[in-house]
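**Q** The primary structure of each chain is shown beneath.
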Amino acid sequence: MRIEINKPEFLHDLCDYLSRHGFVAVRASLEQADVLVPDAGSDLAALLLLKARIRAWAATHPGIDVRVDQYA
Amino acid sequence: MNAIVSPSVKSELLHSAARGVLGAMAMTGVRRVTTDLGLVRKPPPERIATEGIPGLFARLAPEHPETLIELCHWGVGAVGGIGFRIFPAALRGRPWTAPAYGLAILAVFETAIAPGLGIAARDRTVSERLALAGDHLVYGIVLGGERKKA
Numbered sequence: 001m002r003i004e005i006n007k008p009e010f011l012h013d014l015c016d017y018l019s020r021h022g023f024v025a026v027r028a029s030l031e032q033a034d035v036l037v038p039d040a041g042s043d044l045a046a047l048l049l050l051k052a053r054i055r056a057w058a059a060t061h062p063g064i065d066v067r068v069d070q071y072a
Numbered sequence: 001m002n003a004i005v006s007p008s009v010k011s012e013l014l015h016s017a018a019r020g021v022l023g024a025m026a027m028t029g030v031r032r033v034t035t036d037l038g039l040v041r042k043p044p045p046e047r048i049a050t051e052g053i054p055g056l057f058a059r060l061a062p063e064h065p066e067t068l069i070e071l072c073h074w075g076v077g078a079v080g081g082i083g084f085r086i087f088p089a090a091l092r093g094r095p096w097t098a099p100a101y102g103l104a105i106l107a108v109f110e111t112a113i114a115p116g117l118g119i120a121a122r123d124r125t126v127s128e129r130l131a132l133a134g135d136h137l138v139y140g141i142v143l144g145g146e147r148k149k150a
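Protein chains in written order, with our numbering: chain A, 1 to 72; chain B, 1 to 150.
Hint data in this document are derived by calculation from the structure and do not stem from the laboratory.
Some clues are possibly wrong.
[As the list claims (entries may be wrong)] Pulled a few chain B residues facing chain A out of the computed Cβ check, cut under 8 Å:
#, residue
1, Ala49
2, Thr50
3, Pro62
4, Glu66
C-beta: ideal position from N, C-alpha, C; glycine also.
Whenever a hint applies, use it, and build me the whole structure from the sequences.
**A** Here is the structure:
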């Protein structure tokens, strides 16, 4: 899956956060990163886990919008 | 509860709930087709899970979210069935009432539930809206199948 952030300066922090929680997050461009969810049993489970984790991160980073493209 | 709801009313409500579950199952069958054909990108139950409350679904069923989503959908179908049974018999007996009820449920989702959960429904195409209206009509038709017995 690919994530896109509206404030690129926070992408590194988000990738670090996701990596600490078991995801594989690799920066793909200034505002995008590719994310793998190793433990997910299905694409839907992966999407739910990633979105839940991103929401938890975004709750401490107000004003930051992260979009998830599950088909990337 | 026993003093308020008679056994016959309980039985009728259970029957309506069961018809609601059957209607929801029929909707799922229609959506298998409309999703596969690309008419529907993501059905409402999945949108609620992934865009509305992903954390809850990830916590409750991390291994089998598809199953939980489907069971929730059937549960909503059952509640809808009970809601329909509460309508006056004369209204329920009309052939258009149940299909209209199915469409009304979609309208409630689009105008109240989706915005409340932060789900953007505006990005739906005309074909997707028609497909969703169609599967809600199927729900209503299945639900209204009991009217001849009422």
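**Q** Each hint should be assessed against the structure and marked as holding or not.
**A** Evaluation of the provided hints:
With a cut of 8 Å, the hint placing alanine 49 of chain B at the interface with chain A holds, because the nearest CB-to-CB distance is about 7 Å. Annotation: threonine 50 of chain B was flagged as interfacial toward chain A, and the flag holds, the nearest CB pair being 5 Å apart, inside 8 Å. Checking proline 62 of chain B against chain A by beta carbon gives a least distance of about 6 Å; that is within 8 Å, so the hint holds. Here the hint on glutamate 66 of chain B is kept, as its CB sits about 6 Å from the closest CB of chain A, short of 8 Å.
Of the numbered hints stated above, none is contradicted by the structure.
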